[in-house]
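**Q** The chain contents come next:
There are 2 protein chains.
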Amino acid sequence: MLIVQKFGGSSVADAAKIERVAGIIADTYNEGNEVVVVLSAQGDTTDDLIAKAQEINPNPSKRELDMLLSVGEQISISLMAMQFEKMRIPAVSLTGWQVGFETNNAYGAARIKNISTERILRELDKRRIVIVAGFQGKNQFGDITTLGRGGSDTSAVALAAVLHADKCQIFTDVEGVFTADPRKVKNARKLNEITYDEMLELSSLGAQVLHNRSVEMAKRYNVDLEVLSSYERKPGTKVKEAVKSVEQMIISGIAKDTDAARITVVGLPDSPGAAFKVFRAVGKAKVNIDLIVQSIGKGGTNDISFTAPKGDVQAVLEVLEEHKATIGFDSVNVDNSIAKVSIVGAGMMSSSGIAAMMFEALFNAGINIQMISTSEIKVSVLIDGAYADQAVSAIHDKFF
Amino acid sequence: MLIVQKFGGSSVADAAKIERVAGIIADTYNEGNEVVVVLSAQGDTTDDLIAKAQEINPNPSKRELDMLLSVGEQISISLMAMQFEKMRIPAVSLTGWQVGFETNNAYGAARIKNISTERILRELDKRRIVIVAGFQGKNQFGDITTLGRGGSDTSAVALAAVLHADKCQIFTDVEGVFTADPRKVKNARKLNEITYDEMLELSSLGAQVLHNRSVEMAKRYNVDLEVLSSYERKPGTKVKEAVKSVEQMIISGIAKDTDAARITVVGLPDSPGAAFKVFRAVGKAKVNIDLIVQSIGKGGTNDISFTAPKGDVQAVLEVLEEHKATIGFDSVNVDNSIAKVSIVGAGMMSSSGIAAMMFEALFNAGINIQMISTSEIKVSVLIDGAYADQAVSAIHDKFF
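Heads up: the protein sequence lines correspond to chains B and U, in order.
Quick note on the working numbering: the first sequence kicks off at 17 and runs consecutively.
Quick note on the working numbering: the second sequence kicks off at 17 and runs consecutively.
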C-alpha cells in the first residue's frame, strides 16, 4: 500500500519525539508499504520566527514572511531524515518546491494548483521513505508560498489525492474525533467513523481536529482519511463518504466555538435590500460570517445579527461605518462573550425532533438561547459564553 | 554602477545589526546604484542547527545537513528584506535555488557550475535591492547544496562575475587587509591595495579575511574586489590584478598559521621514488599538505617532513601505516605545537635579501627556524608554536 502519514508540530517538537514518530513510520514502512511523510514545523519554531520578524518589522510583507516561515518545515524534514539515517532506513527529505507543490500567489494563504508526482515516485521506487515539508509551495514566479492555517493537513491530503494513496493518516495529539471535547465532557466517545460532511461541520464549528480545507479536499478526491494519535498505537477515526455504522447514531458530535463575536446592526429600514446592503458591505471586509438572524426591531425598523471571528470584528465595524449612509442604520452592537454550540450528524434531518432535544437539554440546564441556525446536518445555537462547557455537557448527556 | 555587497554572519547577527547594515546598503542604493546583497546565516544559527542535528544523529548525511543548514541564510535574507520594507525601500530576497546557483553534487563543499542572471536582472530592473542567500545552491537533482567554508564570499564574487558588476564589496569585522593581525601586532598597517596572488598566499597562510576560493574566482574573472569594515564607513583594501602602489612595499603582509602540524616520516630508503611513494599514499587521504622538506637521516636513510592541518593528521597517519610495507620507513613523528609564519609580497623575488631580512628578524628575537619553504611571492618558516606571535611582531618591525 501507498500511505501518506502527516505529523503536526507538537509530534516532532524535539529529538525524542522525532524518534518516537520515526518508530511509527518505520513500522509502516517495514510492513512493506510505500510511505510518504508530511511534517509541520517543530513546536514553537513558527512562533519564534514570527517574533524574529516582528522585532525588525511589525508589518512585513506576506511574501517575505512566507520566505521566513517556510524554513520551519525544512528543519523538521531534514532532522527526520537524519533520524532514519541513524536507523539505517533509506529516506529523503523534500521541500515544497522540490516536490513541486504549485500554488497561486496568495502569500500566507496560498491554494494548491498542481502537484508534480515525478520526484516522489522516483524516490519511492528506490524504496525510500519520502519526507515532505507540509504547509508550503511555490508560485508561478518561483517564490515560496505558505498554505495558511491547517496547511500541512491540506498538503498531506493533496499528496494522497495526486498519488492515489491507499490511505492518508493524520496523526494528532488526540485519539481521533470525539462526540465532544474529551477534556471537557466526561462521557465523550471516540467515533470509529464519520462522514466528510459531518467532519466539515464539526471543524467549522470549532472542533480543532482537522482543518476544513483538508477535509474538503479529501471529500472532493475521495481520499481515505484517518485521524489518529501519534502517542497511542490504536485505530483512530476514519473520515469517509458514507458511514456504514452499526451504531446508527443520529448525531456524531457536539462542538463549541468561543472565538466568535455577535454583531448586531440596529435600526435598519424595513425595506427591501436592507440585508443585501449590510452583507455587501461586510463582504468587502473579506470576513467569514455565520449565523445570520434578522429580527423586527421597534418602530418599523429591523435588526440584523450575525457572528464573525473575534479577530475580524474591527474590520467589520470599519466597513459598516464607512457605508453607514448607504445602508441607513442607527447603531452597531458587539457582544464578545458568546459561544456557538452545535450538534452535527448526517442523519439529523431525517430524524424528527433532534433540534427539539437539543433545546430541551439547554432548557433543563437553564441556558438561554440567543440565536439559532440550522443546516441539513447541523443545529447551532448562540448562548452566553460563560455556559459553553455546561451546554456541551448537557447536550452530550441528552444524546449519548 | 552595479555593486555586489556581501555581509557575514556577525554583521547580521541581530535586529540592530541588520538595521545598521541596511543603512550601508541603502546609502549605496540611494546614490543611484543597482545593489545585489549576499548574506550569510545570522551569528550562531549554523552552530545551533548543527547542534540540533547532532542531537538526533552524530553523523548525518551531507545531503540532509545541507538541507538543514541552508535555512540559515534564508532566515537572514527574509529578515533583511523586511528591514527594507520598514524603510520603504523596494527589496526582494532570493534563495540560492531561486537565483539559479547551479552546483555540482559535492554536498557540503559544492562547486558553482553556473548562475542564471535572469531573475536578478528582472528584479534590478524594478529598482529593487536584491538580497541573495549566500553559501547555497542547487544541484542537477534539484537538491540543495552548500558551498562549504567561505561559501558566501564565493557566492558574492561569482555573482559579481556573472553580472559583470562594477564592484564586489566584502564587508567584514576588520577594516581591510593588514600587514599583520592588528590584534596581535601593534604597528600593523592597513593595505590600500593588494594583488590577487598576494591575497591568495595570505589567506592560505592563515589570514582569515577572505577565503581562497573567492579570491581565485575574483582573479579568474577579474572581479573588482574590496574588503572593508561593516562597522566603519571608510575605504578598505582593494584586491586587484596588479597594484599600482606609490608605496612600493616589498612585502604586503605577514601571516601565521597555528592550525598546522608537522609530520615527519623517519628512515626512508635513500633510493629513487621514496618521496613519490610517501606522497602518493598521503594523496589518497585527500589532505592538503605544505612545506615539504627532505633531509638526510642517519645510516644512509632519509627523513621527509611536511605540514598538514591538525584535523587531518589522523588520516595521514592511517594511510602511511596502511602503505608502510610499500614505502619502507621506520616511524612517523607528529609535532602539533608548531606555527607557520609567512611573509607575502608580489615584489619579493625581484628584491634580493627579503628572506634574509626575515631570518635575521627571527634570529634577533632568538627564535629557531625548523623548516623553510619559498614560492615566488612568499617565504614561510616553521617555528615553535609558542613563539608565533613574537615572531610575527619581530618580522613586522623589521619590514614596516
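Take the hints with a grain of salt, since some may be wrong.
Identical copies go unnamed one by one, so any copy, or any two together, can satisfy a pair.
Taking lysine-lysine and the DSS-like style, the derived pairs with C-alpha atoms no more than 30 Å apart in a straight line are [said to hold, decoys possible]:
(1) K78 with K414
(2) K293 with K202
(3) K326 with K102
(4) K33 with K129
(5) K129 with K293
(6) K33 with K250
(7) K78 with K302
(8) K293 with K142
(9) K142 with K129
The set of hints was computed from the structure by calculation and includes no laboratory data.
Treat the numbers as computed from the prediction; the structure is a model and nothing was measured.
**Q** Checking an output row: K293 and K142, CA cutoff 30 Å. Within, between, both or neither?
**A** neither (60 Å within a copy, 41 Å between copies)
**Q** Between K326 and K102, at a C-alpha cutoff of 30 Å, which is it: within one copy, between copies, both, or neither?
**A** Cα proximity of K326 and K102: across copies only (28 Å, versus 47 Å in one copy).
**Q** How do K293 and K202 come out at 30 Å by Cα distance, when the copy is not named: within, between, both, or neither?
**A** Intra 45 Å, inter 79 Å, cutoff 30 Å: neither.
**Q** My question is about K33 and K250: at a cut-off of 30 Å on alpha-carbon distance, are they close within one copy, between copies, both, or neither?
**A** Within one copy, since 18 Å is at most 30 Å while 51 Å is not.
**Q** Evaluate K33 and K129 at a C-alpha cut-off of 30 Å and name the case that applies: within, between, both or neither.
**A** Neither. Shortest intra-copy (33 Å) and inter-copy (39 Å) distances fail the 30 Å Cα cut-off.
**Q** Taking 30 Å as the upper bound on the Cα-Cα distance, should K142 and K129 be classified as within, between, both, or neither?
**A** Intra 27 Å, inter 27 Å, cutoff 30 Å: intra and inter.
**Q** At 30 Å max between alpha carbons, let me know whether K78 reaches K302 within a copy, between copies, both or neither.
**A** Cα proximity of K78 and K302: one copy only (17 Å, versus 46 Å across).
**Q** Check K129 against K293 for me: Cα-Cα at most 30 Å, and say if that holds within a copy, between copies, both or neither.
**A** Neither. Shortest intra-copy (34 Å) and inter-copy (61 Å) distances fail the 30 Å Cα cut-off.
**Q** Indicate which option fits the pair K78, K414 if close means a Cα-Cα distance not exceeding 30 Å: within, between, both or neither.
**A** neither (47 Å within a copy, 59 Å between copies)
Checked against the numbered hints given earlier, this structure breaks hints 1, 2, 4, 5 and 8; the rest are met.
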